[in-house]
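Undergrad: Here is what each chain is made of, one letter per residue.
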Amino acid sequence: MIDLNVDILIIGAGPAGLAAAIAAKEQGIDSILILEREDMPGGILRQCIHNGFGLHRFNEELTGPEYAQRDIDRVNELGIKIRCGTTVLSVSEDKLVTCVSSEEGFRTIKAKAIILAMGCRERPRGALCTPGTRCAGIYSAGTAQRFVNLEGYMPGRRVVILGSGDIGLIMARRMTLQGAKVLACVEIMPYSSGLNRNIVQCLEDYDIPLYLSHTVTDIKGRERVEGVTVARVDENRKPIPGTEIDFRCDTLLLSCGLIPENELSLGAGVELSPVTSGAVVDEDLETSITGIYACGNVLHVHDLVDHVSSESFRAGKAAAEYVKGIKREGRIIHVKDGFGVRGVVPQRIHGGCREDVTFMFRPASVYRNSTAVVTCGNNVIKRKKAMIFTPGEMATLTLKASELEAVQEVDGDITVSIEQEGM
Amino acid sequence: MNDLTSDIIIIGAGITGCAVARELSRYDASVTVLEAGSDVAEGATKANSGIIHAGFDALPGSRKAYHNVRGAALYPKLCEDLGVGYRRCGALVIALSEDERRTIEELYERGIANGVEGMRIIERDEILKLEPGINPEVVCALHATTSAIVSPYEVAFALADDAAYNGVQFLTDQRVVSVKRDTDHYTVTTTDSEYTCKILINCAGSFGADIHNQISDNKLSMVHRRGQYYLLDRAEKLQFGRTIFQCPSKMGKGVLISPTLHGNLIIGPTAEDIDDPEDTATTADGLADIIAKARRTWPQLSVRTNITNFSGIRAHLTTGDFVIGRLDDVREASDAPKAYEAIGIESPGLSAAPSIAKEICQLVLKDAALTEKKDIKKYTRQGKSFHDMSAEERAEAVKRDPRYGNIICRCETVTEAEIRDAIRRPVGARSIDAVKRRTRAGMGRCQGGFCSPRVAAIISEETGIPLTEVTKNGGRSYLLTGTVEEYLKGGESDDRS
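Taken in sequence, the protein lines are chains Z and F. Count along the first sequence from 1, then add 110; that gives the number in the working numbering. Count along the second sequence from 1, then add 22; that gives the number in the working numbering.
This is chain Z alone, in the form it adopts within the complex (with noise of 0.2 Å):
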């Protein structure tokens, strides 16, 4: 029993389902609705108080939420329907969506289109098998920025955090702001996963020290954390005996990686990439499942949320068209991970596209003075040279329409991947 039909449904009002909705309504299509759990829209960004977004897309420096307003506004004032505290339930593949909400109770929803903008959880403690008790105070940063930001509690006194990720150095700044005390980040790889500029604004400019290729092999304390031990690792990332280090704190702040919440897009048996944790795409955002896209952290997680708010314009566009029946053409090309990339999207293009396809990858390490390297076939299509890749960062690379055409003419898959100087 269908209770509603929509054009294009949108699972997520976070800024990537935000703007992918705007996109759509741009396009013409009138009948959009975006489903949100949150009682508010703006999703990640309504706890992410700092400054440092917007400056790609608006030329200034916005606070999380200013951002999300922006986009939420605009939402508003294009008519655009949001049902907030609804928690979708299932996907399928012919675009039946299941939903609940305390005031609308349980709903089966059919979409033309449906795309999946549902975002990114952290990496628990158990994904990381680290031992010892299991007390209070062990908190993914995101869990604590939305206990400080959003509920106004603080988490905990004395604090050391796992990884770099950029919430674990934005929450190493927020509690240090908050008077608490801040002992060290560590970090088990030899750089750091987060952006360089949140390392100099968020650590060393408060003196917290990071330690690279150090973990957290041990955690004390029966109730609340005691202390931590921290270790330095091999290059097996291994912890190397005698080399520990114990901090008597009463938290454990844990930012070790974000990944894709796609139990929703599995469901519906979206084919989903075992590096990104997210769908394969082409280059209109387009999953496995005609008809179904996804943009934003759901599909790759980002650094910056002007490339997610970019990103989900191009979905709500392409789905928009979609929906008026405009189809791709041409073989499809698939975009392979060459020598150190890890991850690129789009995973596939169409022969026949004639608009610019910008794609996103990690480094798989580190990288100086070096070149991203596009290649089809035997034929080098686009060299970018940078003076630093680092897995902390997304690197991107644009290729022109006029560009692709040189890509139609030859027959093989796309590689993207880096050359080192003197290679």
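A couple of the hints might just be wrong.
What the hints assert, rightly or not - Straight-line C-alpha distance at most 30 Å; calculated BS3-like pairs for lysine-lysine:
(1) Z/K446 / F/K151
(2) Z/K291 / F/K511
(3) F/K511 / Z/K205
(4) Z/K220 / F/K406
(5) F/K315 / Z/K348
(6) Z/K191 / F/K421
(7) Z/K222 / F/K388
(8) F/K406 / Z/K205
(9) F/K275 / Z/K330
(10) Z/K205 / F/K259
(11) F/K259 / Z/K220
(12) Z/K220 / F/K421
(13) F/K99 / Z/K330
(14) Z/K348 / F/K421
Don't read these hints as lab results, they were simulated from the structure.
Fit chain F to the given chain Z structure using the hints.
TA: Chain F alone, transformed into the frame defined by chain Z:
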């Protein structure tokens, strides 16, 4: 106000104590259960493999064998009555060499002697057909079709709720400091109060021998044996449909791989003797040991989908068997206070609990003239979980109670209605972990990252305590150390630690 005087005091609200409490709740007697932890099922009951063993493992003639087989037979009806899950998934004990075949045959014979039904020895091809993930070097296996899985703490909660609904008083945070026998009663002093009773029942798990030794000259000695586990995420299709045991050998019992009732895979346990009966930490060595051993069963094992590690402490008596019965050395006069005990209830303790409870109850009835209650009330929990409902049932549930429409835990699809119910049950949840174990909120892949602030807010609202007093697991395991406002004013507003 707590009742300080009862006819019967049960020490320990683990699976055994809860099962005994429920048996005794059918009789006209005041019963109090004293629990050291902050919740029912806080000890070994919450951290074990969750298996209702078929009964081929224990030595014929032992109490373990008798209560295992009898208890396992009681489970299907018990779980149905309590409204908790039970799944007879079957078990395989695998032999990876011809040497181990002999062990399989021994186990089979032992099973026959213990009265286990539904066993068969099967060969390699059939094993790999049943469980393709098993090491292809497998030679043969004992297939025990009556082996089952439950959620052990859910069984304990349901037993406790049913007992409490029928008048049993459950008191938590009551760590027993001393037990003294007077001429006509026992005095049990806890960290909180002093309680008296005519009949004392020791179901104190890891502390069973300590309590026993306070009131008996026949001293018992206990070893605290820790078992660590991995718990893998629920998957569309589980790698194993049955519990897979390794052959017990000189190297130890090996580790098992089993589906859980809720569709996770559990892998473990280790077996380490430790000094502290409450040291449930996991260790790097222990976790590495599990993986190394489990790969013998499942060479392709990857812990990429691990969601948590935990450990539980088995209460192992050096005598090796359960001790169940009455303390005879304190029975002079007929009106003398009496004590009963169930000690050393390690594996297969979960399987044995319903049978042990019946035996304890019968022993009590032999000595005390208790009359059976006429009006036994059946506590009916708030039906099926939202997660397990069909679309129609979900639609119906939200119509009945709109709070079913508010999803609090998104990984496990737990609703506000279910969380409030968990707090309002006869033995209600008071902490984040207590809610988690009753509803599964926070048991999923994000491990409470999303739902714990929301669950904390509901606990605060339901119980009327400030958010800063909400704990993860009772005691001083506070989630928060103060408000942002207090911190901004400066100074140490929180002097709790």
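Undergrad: Each hint: holds or not?
TA: Hints, one by one, checked against the model:
1. Z/K446 / F/K151: Given pair Z/K446, F/K151 is violated - Cα atoms ~37 Å apart, limit 30 Å.
2. Z/K291 / F/K511: Holds, because 16 Å separates the two Cα atoms, which is no more than 30 Å.
3. F/K511 / Z/K205: violated (53 Å)
4. Z/K220 / F/K406: Holds. Z/K220 to F/K406 sits at ~27 Å (cutoff 30 Å).
5. F/K315 / Z/K348: holds (20 Å)
6. Z/K191 / F/K421: Judged against 30 Å, a Cα distance of about 23 Å means the pair holds.
7. Z/K222 / F/K388: Cα-Cα ~72 Å, so violated.
8. F/K406 / Z/K205: holds (28 Å)
9. F/K275 / Z/K330: Roughly 29 Å between the alpha carbons, so the hint for F/K275 and Z/K330 holds.
10. Z/K205 / F/K259: holds (23 Å)
11. F/K259 / Z/K220: Distance ~28 Å between F/K259 and Z/K220 Cα, so the pair holds.
12. Z/K220 / F/K421: holds (21 Å)
13. F/K99 / Z/K330: violated (42 Å)
14. Z/K348 / F/K421: violated (53 Å)
When each numbered hint is compared with the structure, violations occur for hints 1, 3, 7, 13, 14.
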